[in-house]
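*Asks:* Take these sequences, add in the hints, and give me the full structure.
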Amino acid sequence: AQTVTQSQPEMSVQEAETVTLSCTYDTSENNYYLFWYKQPPSRQMILVIRQEAYKQQNATENRFSVNFQKAAKSFSLKISDSQLGDTAMYFCAFKYGNKLVFGAGTILRVKS
Amino acid sequence: DAGVTQSPTHLIKTRGQQVTLRCSPKSGHDTVSWYQQALGQGPQFIFQYYEEEERQRGNFPDRFSGHQFPNYSSELNVNALLLGDSALYLCASSSPRGTDTQYFGPGTRLTVL
Numbered sequence: 001a002q003t004v005t006q007s008q009p010e011m012s013v014q015e016a017e018t019v020t021l022s023c024t025y026d027t028s029e030n031n032y033y034l035f036w037y038k039q040p041p042s043r044q045m046i047l048v049i050r051q052e053a054y055k056q057q058n059a060t061e062n063r064f065s066v067n068f069q070k071a072a073k074s075f076s077l078k079i080s081d082s083q084l085g086d087t088a089m090y091f092c093a094f095k096y097g098n099k100l101v102f103g104a105g106t107i108l109r110v111k112s
Numbered sequence: 001d002a003g004v005t006q007s008p009t010h011l012i013k014t015r016g017q018q019v020t021l022r023c024s025p026k027s028g029h030d031t032v033s034w035y036q037q038a039l040g041q042g043p044q045f046i047f048q049y050y051e052e053e054e055r056q057r058g059n060f061p062d063r064f065s066g067h068q069f070p071n072y073s074s075e076l077n078v079n080a081l082l083l084g085d086s087a088l089y090l091c092a093s094s095s096p097r098g099t100d101t102q103y104f105g106p107g108t109r110l111t112v113l
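Protein chains in written order, with my numbering: chain A, 1 to 112; chain B, 1 to 113.
Derived from the structure by calculation, the hints contain no laboratory data. Do not take every clue at face value.
What the hints assert, rightly or not - Derived coverage of chain A by chain B (criterion: at least 3 residues anywhere in the stretch with Cβ under 8 Å from a Cβ of chain B; other residues may be distant):
id	region
1	15-24
2	29-41
3	75-85
Unchecked claim - Taking CB as the label site, the calculated pair distances span:
id	chain 1	residue 1	chain 2	residue 2	range
4	B	95	A	2	43 to 49 Å
5	B	15	A	16	47 to 53 Å
6	B	79	A	52	37 to 43 Å
7	B	95	A	7	29 to 35 Å
8	A	55	B	59	30 to 36 Å
9	B	10	A	14	40 to 46 Å
10	B	27	A	81	31 to 37 Å
11	A	57	B	100	29 to 35 Å
12	A	15	B	9	28 to 34 Å
Keep in mind that this is a model prediction, so the values were computed, not measured. C-beta atoms are modelled at their ideal positions from N, C-alpha and C, and glycine is treated no differently.
*Replies:* This is the structure:
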């Protein structure tokens with residue numbers, strides 16, 4: 001079974017600082033996609049970043065970057081220069097076939 | 001460029017009733033997936049529609065059914081509602097080409113009393 005584990009239920013960070021959210025997954029597949037989605041209190045699920053497993057280079061989108069360790073099946077999200085608007089629930093997801101398998105989420109609170 | 005839209009925003013039903021939720025995909029997308037998100041949890045895959053057929057289904061009972069129309073929009077139907085069906089229902093659209101990234105709509109909050 002494909003599973004995604006987010007071991008940090010809640011995290012806090014001061015505005016302008018850097019925070020890393022952890023994610024591990026379990027799969028026997030070799031080619032797959034991984035995603036981080038953000039869900040603010042407005043509940044709209046927003047794509048933050050995606051990573052193709054066949055690419056060794058870590059994906060980066062502005063202040064968001066990932067540390068993808070394929071052998072360790074680890075996919076952490078680093079948020080630099082945290083902003084108040086980053087406050088949200090963050091979900092790590094693995095694409096298995098046609099569906100996404102989500103972790104339980106990490107609540108991130110950015111404090112001023 | 002219109003994103004994924006869903007209607008209604010909120011819905012309140014009683015046990016045993018039936019409900020229909022609607023979704024219009026992002027422009028250029030032809031694949032629609034439905035997810036159920038219980039409070040405080042990650043979304044769970046219900047099913048995916050492509051070319052007006054159910055392409056893959058998650059671990060949900062037959063009370064959950066769907067449909068996709070020629071314009072790629074989709075409906076999720078739930079019969080014989082249970083209290084446990086109370087959740088946020090998310091629709092996501094994607095294209096079968098490229099990275100097949102799924103883009104989500106704002107969701108429909110269903111409350112079953």
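*Asks:* Output the indices of the hints that this structure fails to meet, ascending.
*Replies:* Going through the list in order, the structure violates hints 1, 3, 4, 9, 11 and respects the others.
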